[in-house]
Amino acid sequence: MPVPLYGFLQGDTVGLLILADDSDTLEALARKLQLAASLRVAATDPLRLVYHDKIMDLAMTVAQAGLEALDRFDVLSGSK
Amino acid sequence: MLTREEWLPLARKLDWDYSYVREDEVFPEVISGRPWLPRSEWKDWEESFKTSYREYVDNQYEKDMAVQAVHDAVGRIENVEKLALPWLNSLKVHAAALPLAEFTGVIGNLRGARFGRDSAWRTMATFGALDEYRHTQIPLLLFHPLLRLDSQFDWAHKFYHTNNWFAVAARHFFDELTVGQNAIEFHIATNVVLETGFTNLQFVGLASLARESSDHMFERMVTSIQTDEARHAQIGHPVLATIMKHDPKYAQYLVDKWFWRNWRLFSILTGLSIDYLTALDQRPYSFKEFMEEWIIDQFLRTLDEFGLEKPWYWDLLLDELDIYHHMIYASAYSYRATLWFNFVIPGPAERKWLRQKYPKYWDDMDAVWEQISERWRTVGPGSANELAVHGTTMPTFCDLCQLPLSAGTPRNNTARVLAHDGRKYIFCSEPCQWIFLREPERYASHKDIVKRVLSGEAPAQLPNLLTEYFNLTPDTWGKDVHNGDYEWLGVRKDSAA
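If you're matching them up, the sequences are chains A and B in order.
Position 50 of the first sequence, counted from 1, bears residue number 50 in the working numbering, the numbering being contiguous throughout.
Position 164 of the second sequence, counted from 1, bears residue number 244 in the working numbering, the numbering being contiguous throughout.
In isolation and in its complexed conformation, chain A is listed as follows (with noise of 0.2 Å):
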């Protein structure tokens, strides 16, 4: 089922609509939102997704991490 999510990459100069699968893993997610952002952000490794505040398993899917429509998540690179 889709489910729209607001996307924040760091580094980018604007949240993006990203419509995601709520079978989709958080790294999928993650990427996808790379992807949509990379016109001005280049993509790195390794990746962390936040949500709530809260760092995710990225193996997780979206309906496990229970993102639903029209939140907010993060991407957000580096190993910190």
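Any given hint might turn out to be false.
To be verified - Here are some of the chain A residues that sit facing chain B, going by a computed Cβ distance under 8 Å:
{"no.": "1", "residue": "13"}
{"no.": "2", "residue": "14"}
{"no.": "3", "residue": "17"}
{"no.": "4", "residue": "36"}
To be verified - With a straight-line cut-off of 27 Å between C-alpha atoms, the simulated DSS-like cross-links for lysine-lysine are:
{"no.": "5", "chain 1": "B", "residue 1": "527", "chain 2": "B", "residue 2": "337"}
{"no.": "6", "chain 1": "B", "residue 1": "531", "chain 2": "A", "residue 2": "32"}
{"no.": "7", "chain 1": "B", "residue 1": "504", "chain 2": "A", "residue 2": "32"}
As the list claims (entries may be wrong) - Here chain B is said to cover these stretches of chain A; the calculated rule only asks that three of the stretch's residues, wherever they fall, bring their Cβ under 8 Å from a Cβ of chain B:
{"no.": "8", "stretch": "39 to 51"}
{"no.": "9", "stretch": "59 to 71"}
Keep in mind the hints are simulated off the structure, nothing from the lab.
Cβ coordinates follow ideal geometry from the N, Cα and C atoms, glycine included.
Following the hints, put chain B in place on chain A, whose structure we already have.
For chain B alone, kept in the frame of chain A given last:
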């Protein structure tokens, strides 16, 4: 026969006691504004210009003739053709944003002309409405004929009649400021905050920018408009003084709210023009320097004059001077086909200048421009590659200001999600959320572009969104001024594969 000194005070102060209706029926709070006060509290309302209609017409005639003379001398298409390309695109921004916004000012002033609480106020608001009608007609007269030079100038008439995302944001702002506003809030928000705080001084700055860019037509136009603004802006001051006396918290709220709303829109209109769409050797100052010298200092003096406090978000606003319009410009460049004017990439010399003027966050912005430049190097310059250097995923917008979620910094975007009455909203910043929560009934039902797409009201595919909903065509949508053909990129069009 009465002398001017004898009849003018009688004509200006022509209030009377009502015999068969109540005063609150003649001036209902819902449209005259709050707090509702009896006429005795407004009878000393005064302004310094004290103009008669005849004097008004004589003065305006002289000003119109001066604009016409400059137009005849230097306003022809062949003169405009000589202007630098980036500046020409700054003109397209103002050609679209200015005239019909001024027309909404006619409506707001006419509300004051009927529902203002003192006859001298109503007289001045009548002149204010005539002023704003003039400010509609002059730019339409000067800019719209330029569509023979460039079809993007068609947006002088078209802009406010479209659902282009920037038009949606501008309408959201001006409809609340003027069209749907009561007389008290209109005159405080428009005369004190917008005109005294921003446009009166902004037009002085824009005139100087136009002069540096050898655009004497635009210089004359904004100078002429500014002289009207300086007069009718005086209406708001005695209104604010009266509200401060009776409800200072409400007065503070109105000033805080409208300064923020004005800042959002004008940082884009003026910030982009000064720091990106004016040739480097013609920039008399940076946008931040302009704001500090012309807007911030003056606004603080106005607050002091009325016994008002600085808005609670003041430190945040000062921080935004360093970054907000830069984030908007880079975002807009990468979605330029959604707009009706063309963009330029800041080259090495411009970026060096921007780094000097904006050292605080420029490293992050420089990385963005380097990445965009690299895309042009990869695909090569040329109009056929425009959309290869363009965003394809839907950008997002604030549910209050309707502008892109480009606040904060590239490292820390300040967008915030709010659940309210069973719906989710997103705001670019804390002040936008604060304004929403003070008057949710006013804003809650408005849909931003993303919500319109998700509800099926607007097309989801970018090409359809541009042509069917934003009223753009491949000829008129925004492009890179040089189609990516910059010497400093190291890949010229002739040598590109």
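Violating hint indices (sorted, rising): Failing hints: none at all.
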